[in-house]
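Colleague: Spelled out from the first residue to the last, the chains are:
Protein chains: 2
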Amino acid sequence: MSNRPREKQFSFYSIQSVLGRGNYQLSIINYQLLKLYLWKLISLIQNGLSAEPEIAKIVGDDRVIGGVCNLASNKVIFGYIHHIDYGLIRIGRYARNYQFAEITNKMREIYQDFESAGVPVNLTEYLLLERWKKLVWNIPYNSLSVILDARTDEIMGDANTRNLVTEIMQEVLEGAKSCQCQIPDSYIQKMLDHTNKLRPYLTSMKIDYERRRPLEIEGIIGNPLRIASEAGVKLPKIGMLYQQLKFLDARNRQNFSS
Amino acid sequence: MSNRPREKQFSFYSIQSVLGRGNYQLSIINYQLLKLYLWKLISLIQNGLSAEPEIAKIVGDDRVIGGVCNLASNKVIFGYIHHIDYGLIRIGRYARNYQFAEITNKMREIYQDFESAGVPVNLTEYLLLERWKKLVWNIPYNSLSVILDARTDEIMGDANTRNLVTEIMQEVLEGAKSCQCQIPDSYIQKMLDHTNKLRPYLTSMKIDYERRRPLEIEGIIGNPLRIASEAGVKLPKIGMLYQQLKFLDARNRQNFSS
Numbered sequence: 001m002s003n004r005p006r007e008k009q010f011s012f013y014s015i016q017s018v019l020g021r022g023n024y025q026l027s028i029i030n031y032q033l034l035k036l037y038l039w040k041l042i043s044l045i046q047n048g049l050s051a052e053p054e055i056a057k058i059v060g061d062d063r064v065i066g067g068v069c070n071l072a073s074n075k076v077i078f079g080y081i082h083h084i085d086y087g088l089i090r091i092g093r094y095a096r097n098y099q100f101a102e103i104t105n106k107m108r109e110i111y112q113d114f115e116s117a118g119v120p121v122n123l124t125e126y127l128l129l130e131r132w133k134k135l136v137w138n139i140p141y142n143s144l145s146v147i148l149d150a151r152t153d154e155i156m157g158d159a160n161t162r163n164l165v166t167e168i169m170q171e172v173l174e175g176a177k178s179c180q181c182q183i184p185d186s187y188i189q190k191m192l193d194h195t196n197k198l199r200p201y202l203t204s205m206k207i208d209y210e211r212r213r214p215l216e217i218e219g220i221i222g223n224p225l226r227i228a229s230e231a232g233v234k235l236p237k238i239g240m241l242y243q244q245l246k247f248l249d250a251r252n253r254q255n256f257s258s
Numbered sequence: 001m002s003n004r005p006r007e008k009q010f011s012f013y014s015i016q017s018v019l020g021r022g023n024y025q026l027s028i029i030n031y032q033l034l035k036l037y038l039w040k041l042i043s044l045i046q047n048g049l050s051a052e053p054e055i056a057k058i059v060g061d062d063r064v065i066g067g068v069c070n071l072a073s074n075k076v077i078f079g080y081i082h083h084i085d086y087g088l089i090r091i092g093r094y095a096r097n098y099q100f101a102e103i104t105n106k107m108r109e110i111y112q113d114f115e116s117a118g119v120p121v122n123l124t125e126y127l128l129l130e131r132w133k134k135l136v137w138n139i140p141y142n143s144l145s146v147i148l149d150a151r152t153d154e155i156m157g158d159a160n161t162r163n164l165v166t167e168i169m170q171e172v173l174e175g176a177k178s179c180q181c182q183i184p185d186s187y188i189q190k191m192l193d194h195t196n197k198l199r200p201y202l203t204s205m206k207i208d209y210e211r212r213r214p215l216e217i218e219g220i221i222g223n224p225l226r227i228a229s230e231a232g233v234k235l236p237k238i239g240m241l242y243q244q245l246k247f248l249d250a251r252n253r254q255n256f257s258s
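Those sequence lines, one after another, are chains A and B. Per the working numbering, numbering of the first sequence is gapless, rising by one per residue and ending at 258. Per the working numbering, numbering of the second sequence is gapless, rising by one per residue and ending at 258.
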């Protein structure tokens, strides 16, 4: 797959898979609308945890698939995605409580659909693991980029915040473990190395913050915290990120509306 | 004692007691100079922990007293203090490793000196406890005021940051306990109530930050963290405040000099 930016029209399955990409708060409303169209599958290609069970309540467990993107893209208009840089999409079928879910023929059709549109995807039988793996990156960088008003290269360029990122990632691994998702410690170094290679980058949460849009705090931070807490696992640093972000988000939008 | 602002000339003991008020980094230099004057006592009326042993290395244990202020004041010129609002000063003799130190006649003379200048003071035999008690307020509010760019009333007006302040205070109590300083849990509520009554207030660390001066991170946060850590007590939230502040302080002064 070339890294050159491009725009491409997607086929039917792809459209319904990708159009939902957006922030968590909005997606609940979108999917209520989608239900009216009686589409066969709803694909949640987005960050964070616990959107699938919410949507499954509306459309049924067997109609939800989830995915995580490691790519940079923007939605241009309905059916058009502007692909900016690098990447891969991992998708998996949702099963109640994020259980292990075998790859079905329907999943293989979707896979083919993406491939024929020139978009590489991986299929996974364990969506929950993929969600937690993405959180290893998203929780520290999204949070700290807003709290410290910093780009990823600034965060990585300072020994204190670099250590803090590492410690937060270790907490994410503990959270994953509380859900029986084993992520090896080596994955942390992989994410740090990956980030060091990124061009100076504003995270999606930072962009939302600058535009005074609601931050995806619950999906990315609140839900993982609650799930770990229900399993008896405390994540004190992530808990503190949550509190700091809730304060900043509330003030950010209050100032805007006043 | 009236709460009216005033200016007053201090007597000899008082002058040497108060002139050192300033930030931790500068004080080491100041006290090197003071040594040349062969003054009898050096009083460290300032925030934070572990300045006394540093100064005692220079002038000797028996020449150091420490104090904490619960008042608002500014130094105008040498020998003049502008008292702005409310307050009390607590002072105690330093003994090696912050041991319990009985009140001596010299301490009573200093007490009289303050009193006769209209400044109420309390004498304490346990300076270390007073230092930790002051940290219960200083650590959460100084840190969060800089990290979240917030006044005390904003921090107290949001449920998330109010809870965070409380949790940080609980960690300070654990840190104090690691030094055999027992601060009752009820002290936390007292500090929260006190802060709710304050007029909207910029902390001293926030003022330093806005003026791009070095922040008192080591005295107020780094030293308490290290002392607790040496006693085997981890304070994860305070550790995270430290890392966030170190990042912000470095960037703040780097941008200024470039």
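A portion of the hints provided could be inaccurate.
To be verified - In silico SDA-like cross-links for lysine to any residue, where the CA-CA straight-line distance does not exceed 20 Å:
#, chain 1, residue 1, chain 2, residue 2
1, A, K234, B, D149
2, B, K106, B, I45
3, B, K234, A, N160
4, A, K234, B, N160
5, B, K234, A, K197
6, B, K234, A, S204
7, A, K197, A, C69
8, B, K234, A, V233
The set of hints was computed from the structure by calculation and includes no laboratory data. Every value quoted in this text rests on a predicted model; they were computed, and no experiment measured them.
Colleague: Check whether the Cα positions of K234 of chain A and D149 of chain B lie no farther apart than 20 Å.
Modeller: At roughly 27 Å apart (the allowed maximum being 20 Å), D149 of chain B and K234 of chain A break the hint.
Colleague: Is K234 of chain B close enough to S204 of chain A, meaning Cα to Cα at most 20 Å?
Modeller: Measuring from Cα to Cα gives roughly 33 Å; hence the hint is violated.
Colleague: Are K197 of chain A and C69 of chain A close enough, with their CA atoms no more than 20 Å apart?
Modeller: With Cα atoms ~18 Å apart, K197 of chain A and C69 of chain A stay inside 20 Å; holds.
Colleague: Below or equal to 20 Å on CA atoms is what counts here, so check K234 of chain B against V233 of chain A.
Modeller: Roughly 17 Å separates the two Cα atoms, so the pair holds.
Colleague: Could you grab the alpha-carbon distance between K234 of chain A and N160 of chain B and see if it respects the 20 Å cut-off?
Modeller: 17 Å, holds
Colleague: Given the hint that K234 of chain B pairs with K197 of chain A, does the C-alpha gap stay at or below 20 Å?
Modeller: Roughly 33 Å between the alpha carbons, so the hint for K234 of chain B and K197 of chain A is violated.
Colleague: Checking one constraint from the list: CA of K106 of chain B to CA of I45 of chain B, max 20 Å. Satisfied?
Modeller: 17 Å, holds
Colleague: Are K234 of chain B and N160 of chain A close enough, with their CA atoms no more than 20 Å apart?
Modeller: Roughly 17 Å separates the two Cα atoms, so the pair holds.
Hint violations for this structure: numbers 1, 5 and 6, all remaining hints satisfied.
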